[in-house]
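Below, each chain spelled out in residue letters.
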Amino acid sequence: RKEVEQDPGPFNVPEGATVAFNCTYSNSASQSFFWYRQDCRKEPKLLMSVYSSGNEDGRFTAQLNRASQYISLLIRDSKLSDSATYLCVVIVSDTDKLIFGTGTRLQVFP
Amino acid sequence: EPEVTQTPSHQVTQMGQEVILRCVPISNHLYFYWYRQILGQKVEFLVSFYNNEISEKSEIFDDQFSVERPDGSNFTLKIRSTKLEDSAMYFCASSEATGRAFFGQGTRLTVV
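In order, the protein sequences belong to chains A and B. 1 is the number of the first residue of the first sequence in my numbering; add one for each residue after it. 1 is the number of the first residue of the second sequence in my numbering; add one for each residue after it.
Please keep in mind that the hints were generated in silico from the structure rather than gathered at the bench. Just so you know, even glycine gets a beta-carbon here, dropped at the ideal spot from N, CA and C. Treat the hints with caution; some may be incorrect.
Simulated crosslink set (DSBU-like; lysine-lysine; CA at most 30 Å straight-line) [said to hold, decoys possible]:
(1) B:Lys83 to A:Lys42
(2) B:Lys57 to B:Lys42
(3) B:Lys42 to B:Lys78
(4) A:Lys79 to B:Lys78
(5) B:Lys78 to A:Lys42
(6) B:Lys57 to B:Lys78
(7) B:Lys83 to A:Lys45
(8) A:Lys45 to A:Lys2
(9) B:Lys78 to A:Lys2
(10) B:Lys57 to A:Lys79
(11) A:Lys42 to A:Lys79
Partial selection, computed: residues in chain B whose CB lies under 7 Å from chain A [unchecked claim]:
(12) Ile38
(13) Lys42
(14) Phe45
(15) Thr98
(16) Arg100
Okay, chain A solo, but in the shape it has when bound:
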């Protein structure tokens, strides 16, 4: 089983739509969770951390469900500039390495 699993997509949505991505992780010792964004042929960039209580940053909302071992990202009012690959990232306790999922590609069209 993959350590971090994501639906590769692509998700094709119109501007203004709400879209949600899920991610599952296999190691129950995972302790820190993040969403990164990667544009084509560019470096990953931190989008937001994911906290147990859920957290919001503008149009972006992240949720964590430890019991089911999944993380979600909700994007409201999609913009053309949101088109990118969204990477789910996990850190297992007692390590400092980021474990990346394969990413979910989002394409927002006019």
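Following the hints, position chain B against chain A.
Chain B only, in chain A's frame:
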């Protein structure tokens, strides 16, 4: 805004040659990393470096790989004898604390 810088942006090398990829992490960061991404695949962890030593490394990071922080600013990845399968984008990253890592723009390594 402070950023991680990597040089060169693109390196072409012949199989069997040594390459050194260079990185300047963000100055007050304590954790340094190398990751790689083969075209079309996921970002893979290679090595982490903290307090002037390797803190963790992956199975990919075998004897052909080494890292150095020769002075207070540079962080290098050396591949001693490159193979075709080493062709990838190599990302350097740094962080103040684990997780919130800032990545450089990457070095595209092509082994021919």
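Each hint, compared with the structure:
1. Taking the CA atoms of Lys83 of chain B and Lys42 of chain A, the gap is about 24 Å. The hint holds against a cut of 30 Å.
2. Proposed proximity of Lys57 of chain B and Lys42 of chain B is supported: the alpha carbons are some 17 Å apart, at most 30 Å.
3. Between Lys42 of chain B and Lys78 of chain B, the direct Cα distance comes to roughly 22 Å. Compliance with the 30 Å bound is thereby established for this hinted pair.
4. A distance of roughly 41 Å separates the Cα atoms of Lys79 of chain A and Lys78 of chain B; the hinted pair therefore is violated under the 30 Å criterion.
5. For the hint linking Lys78 of chain B to Lys42 of chain A, the alpha-carbon distance of about 22 Å falls within 30 Å, and the restraint holds.
6. The suggested pairing of Lys57 of chain B with Lys78 of chain B holds, with an alpha-carbon distance near 14 Å, which does not exceed 30 Å.
7. With a C-alpha separation of about 29 Å, the suggested pair Lys83 of chain B and Lys45 of chain A falls inside the 30 Å cut-off, and the hint holds.
8. About 22 Å separates the Cα atoms of Lys45 of chain A and Lys2 of chain A, which keeps this hinted pair within 30 Å; it holds.
9. Under the criterion of a C-alpha separation no larger than 30 Å, the hint pairing Lys78 of chain B with Lys2 of chain A is consistent with the structure, at around 29 Å.
10. Taking the CA atoms of Lys57 of chain B and Lys79 of chain A, the gap is about 38 Å. The hint is violated against a cut of 30 Å.
11. Distance restraint check for Lys42 of chain A and Lys79 of chain A: the Cα-Cα separation of roughly 19 Å lies within the 30 Å cut-off, and the hinted pair is therefore satisfied.
12. The closest approach between the C-beta of Ile38 of chain B and any C-beta of chain A is roughly 12 Å, which is over the 7 Å cut-off, so the hint fails.
13. Hint status for Lys42 of chain B: holds, given a least beta-carbon distance of 4 Å to chain A, under 7 Å.
14. Taking 7 Å as the C-beta contact cut-off toward chain A, the hint placing Phe45 of chain B at the interface holds, the least distance being around 4 Å.
15. The beta carbon of Thr98 of chain B is positioned within 7 Å of a beta carbon in chain A (closest approach about 4 Å), and the interface hint is therefore held.
16. Because the smallest distance between the Cβ of Arg100 of chain B and any Cβ of chain A comes to about 6 Å, under 7 Å, the interface hint for this residue holds.
Checked against the numbered hints given earlier, this structure breaks hints 4, 10, 12; the rest are met.
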